[in-house]
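Each chain is listed here by its residues.
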Amino acid sequence: MQSDKGMTIIVKKMTQVLVGIIVLFGVYIITYGHLTPGGGFAGGTIIAGAFILLVLAYGDDIMHLRVTKEGSSKLENLAIFMFLLFAIPGLFMIPSVFFRNYLPLGTVGELLSAGVIPLFNIFIGIEVAAALFTIFLAFVILKEEDK
Amino acid sequence: MKALIPLFVILPLAAAFLIPVLAGKIKGFDKYLASLVMLATAFLSLWLLFAHEAYPIIYKIGGWEPVNGIPIGIYFVADGLSVLMLCIITVVGFLAAFYSISYIAKFTGEKYFYALFCLMVAGMNGVVLAGDLFNLFVFLEISVIASYALVAFGIEKQELEASFKYQVMGGLASLLILLGIALLYWQTKTLNLADIALVLEGVGDRKFMLFTQFLLLAGFGLKAALIPFHAWLPDAHSSAPSPISAMLSGVLIKAIGIYAITRLFFNIFILDINIAWVVIVLGSLSMIFGVFLAIGQWDLKRLLAYHSISQMGYVVLGVGIGMLILARGGDLKVASLAIAGGLFHLVNHAVFKGLLFLNAGAIEYRTGTRQLQEMGGLYEKMPITSATSLSASMAISGIPPFNGFFSKLLIILAAVLGKFYLLAVFAVIVSIITLASFMKVQKYAFYGSTLRRELEKIKEVPFAMSFSMIVMALLCLVLSLLIFPGIREAILMPAVDSLMKMGNYGVEILGY
Amino acid sequence: MTLFVLCFLLFLVGLYGVITRRNIIKIVLGICIMEYSMNLFLVLVGYVHDGVAPIITKGSERATFVDPLPQAMVITVIVIGLATTAMLLAIAIRLYRKHGTFDIREINTLKG
Amino acid sequence: MEYIIGVLLILMIAGSIYTLHAGDLLSAIVSYGIVGFGLVIIFLFLKAPDLAIVQLVVEIITLIIMIAVIRNSSKEDLQESATIKVEGVQYVNLKQLLYFSGAVVLALGLMYYFYQSVSGLDVFGEHEMRMSQVYVEQGAELTGSANLVTGVLLDFRAYDTLGEATILITAVVGILTILRIKGRK
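Residue numbers (the working numbering), protein chains in the order written: chain A, 31 to 177; chain B, 812 to 1323; chain C, 124 to 235; chain D, 110 to 294.
Derived by calculation from the structure, the hints in this document are not laboratory data.
Treat each hint with caution, since some may be false.
[What the hints assert, rightly or not] Derived DEER-like restraints, expressed as beta-carbon distance ranges: (1) C:180 x D:113: 23 to 33 Å; (2) A:38 x C:124: 50 to 60 Å; (3) D:246 x A:93: 52 to 62 Å; (4) A:93 x C:173: 54 to 64 Å.
[As the list claims (entries may be wrong)] Simulated pairs of lysine-lysine, DSS-like, Cα-Cα distance not exceeding 25 Å: (5) B:836 x B:813; (6) A:99 x D:291; (7) A:173 x C:221; (8) B:968 x D:294; (9) B:1192 x B:1251; (10) C:221 x D:291; (11) A:173 x B:968; (12) D:204 x B:917; (13) A:173 x A:42; (14) A:104 x B:836; (15) B:1270 x B:1192; (16) A:173 x B:976; (17) B:1230 x B:813; (18) D:291 x A:173; (19) A:35 x A:99; (20) B:976 x D:291; (21) B:836 x D:294; (22) D:294 x B:917; (23) B:838 x D:204; (24) B:922 x B:838; (25) B:1270 x B:917.
[Said to hold, decoys possible] Derived coverage of chain C by chain A (criterion: at least 3 residues anywhere in the stretch with Cβ under 8 Å from a Cβ of chain A; other residues may be distant): (26) 165-179; (27) 207-216.
Where a beta carbon is used, it is the ideal one built from N, C-alpha and C, also for glycine.
Can you make the complete structure from the sequences, with help from the hints?
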């Protein structure tokens, strides 16, 4: 699997080990966003960092990069649309209120608590991860095009 | 009716999120969805304007009731001024979106254009409806970042450089506004605009208020391109695609610059005489220098951009005179006349400046040039464009049947009644120079020398563009009806009253 | 009060950088430094002496908390800073493609 | 604790002055990164762990993008340096010195005016809350989230966060339009 693209073999081996852990840490930061410090923004950025590490370490041909850019741009728009969709149900309830927290709040400190907030956290996390990854890919593709 | 207020932000946002995803699948999806959403919000805002509920309409997002008198959630506040601004944003927005259906066909990346367009309109709607200071800043950032990218839409050398200059100046302005917000939070410990107004009444610290007001005036003045901060406007507005420069000149600098200045300085801060003088000086300087800079221009869109600065000077002058009279506790009738003149001119300028930029776009669409010398005798081949451009030119230079005359009349009348004779003389002189400048435009572009050889084969612009231009030209005429008391009371006066009631904006909203 | 004045000094250093530097990347760095000083200013405003981080754990039900509102504002301002910086860098790299230099003097083709 | 933050802040100011005067762009970006990490440490001192994480990670991503921009472009900076070499002898460039001292004087004046107008406000640390009094006392019960900052971000002011995420979307769509290959057909 020794291709000339990307960095040296040592970096590739380290990336294989680290990427899984980084993504896991990012998912932890997102899902426990309402219990421990962190949340959608921090976790999303960490996951984006993991994907960027993959692209940097292994490098990729331009066609594949373009496809992933389109895919992540669409994923990002869908994630933010879902975030908006979860804010709208409040409108249809009797005292129609935008951004109402309509799910049960549960007990403070447990994982399944704080109503809609964990869902918002997850969608914000996906959206931030896809957004930053798309930005990074846009820069890399522009650089690749000149070669 | 109150439940529909969030739709002003939800509809454009939902459209903006869906366009990049579904644009490839359904042909023409992005074009027609953008115009449809703009039309829907336009109907909504006109219904809100004519339904004429008791202003201000307060919508508590998230349903958070105030806890022992202190508001904890974010509020939508729709009073006379914000509904009037909403109508301008959505109506001019719909006409620009409809215009760009065929105009943007010459550019690549159409789906990005419509997504950014919807985001810009959503941002402006959010700013105008915001009842929370930090929320106003966030939605201001959305519309400004969208306009950065739209200015650089053609990726030519000039457009990139103009967008870079616009982004650096805009970034500085946003940071100044943010510093103002941080200082206000430090003083009043709250972000709700009405709550800030109430807490600031008790604060006697004049030195702090002056420092914060200068910061915010500098930040929002830079967004409204008043004279010392106007350097970015001619480059940005001339290198943007025409429907976007129509939106920028017609609506963006008003919804973000002038609306924020009037909302903060009339309703939130205690009116201060030297701040009012600064506003008047900024307004008259913009008015005078804008038109002198515009005379020497030969690039049509740069000429129109400089005229935007001078016409914005009129609006700021009218509002500034009203502010000074109120600060000095003078005759309320003259103050309301001045503010009515300022806001009326704001509405008119949105329409006729938008129309002028659309005409420039039509000429560029057919002849491919923006230089006045290279045009000539276009009225044979492009009758609709020349007719609408003639009406817009007459409107901007204030010739009676058109709306520009009446609003300038109100401002000059208020200046005379308020004993600012010098300002009234300046206003008249600038209006005459504007007339001269637009005579030059008409002569060179439409009625001048005979049609050049290679322009023989051009024909009128497609339906989408000519329809928007015709509707705007009709608006130029219809809006002059606003001068009559009957109609004026219904539309313009709620906006003027929302500014005139100054301090008790907070009392009305929080109800104590 | 010295911390606030120092933070304002950092703001002025960024402003000095944006106004005087001729290299586009340095102008972008100047704006980012001003963003940093604004983030710091907001958090300094919200600090309470011997306050605890605004997270309710078993021990800290009744502790005096630091103000969570400026912290929520700063998260928003950090992401706004990221968005504006990324846009500025995109324009910078395109300008470099067209002009071959980051120097603002060569790029100033527009008059007025 | 206030002194530690003061020292860190002075180091950050020194770092940012070096950033603006560095000869090589890469060292400018690296020293900008150091200023950012200094900010992360100050956030931890000011009891803002949420911000420390977000600032740290966003800082790293910004550095990656900046270095991606710098890597295949000019590294040197054509700025007039403060000293001119005339036949090998260092003379101080008077015009540059004039600008610099003018800037310092203006900065001192602005800071004095800032200090004057802000001296009446709450001192660092004595911050009696008004709007966030409710967030702190009833935040957990009303929103159910233990992390009050997330509670404020996603429930009390969730509309702000919608605006926030839209800003990131606008930036991404803006960058995709700016970085596309051809503008006009």
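For this session: Starting from residue 294 (chain D), check that the Cα of residue 917 (chain B) is at most 25 Å away, please.
Result: Roughly 6 Å between the alpha carbons, so the hint for residue 294 (chain D) and residue 917 (chain B) holds.
For this session: For the pair we were handed, residue 291 (chain D) and residue 173 (chain A), check the Cα-Cα distance against 25 Å.
Result: holds (15 Å)
For this session: Verify the proposed pairing of residue 976 (chain B) with residue 291 (chain D), using a straight-line Cα cut of 25 Å.
Result: holds (22 Å)
Exercise. Do the alpha carbons of residue 1230 (chain B) and residue 813 (chain B) lie within 25 Å of each other, as the hint requires?
Worked result: violated (43 Å)
Exercise. Has the given pair, residue 173 (chain A) with residue 42 (chain A), been kept, meaning a C-alpha gap of at most 25 Å?
Worked result: OK: residue 173 (chain A) and residue 42 (chain A) at ~21 Å, within 25 Å.
For this session: Given the range 23 to 33 Å, decide if the beta-carbon distance of residue 180 (chain C) to residue 113 (chain D) lies inside it.
Result: holds (25 Å)
Problem set entry | Proposed proximity, residue 291 (chain D) with residue 99 (chain A) (alpha carbon, max 25 Å) | holds (18 Å)
Problem set entry | Given pair status - residue 917 (chain B), residue 1270 (chain B), alpha carbons within 25 Å | Answer holds: residue 1270 (chain B) to residue 917 (chain B) is near 17 Å, not above 25 Å.
Problem set entry | Pair hint residue 968 (chain B) and residue 294 (chain D), alpha-carbon separation not exceeding 25 Å | holds (16 Å)
Exercise. Is the straight-line distance between the alpha-carbon of residue 173 (chain A) and that of residue 968 (chain B) 25 Å or less?
Worked result: Given pair residue 173 (chain A), residue 968 (chain B) holds - Cα atoms ~19 Å apart, limit 25 Å.
Problem set entry | Residues of the stretch 165-179 of chain C with Cβ under 8 Å from chain A, three needed, outcome | holds (count 3)
Exercise. Taken at face value, is the distance from the CA of residue 836 (chain B) to the CA of residue 104 (chain A) at most 25 Å?
Worked result: Measuring from Cα to Cα gives roughly 12 Å; hence the hint holds.
When the structure is compared with the earlier hints, violations turn up for hints 5, 12, 17 and 23 and for no others.
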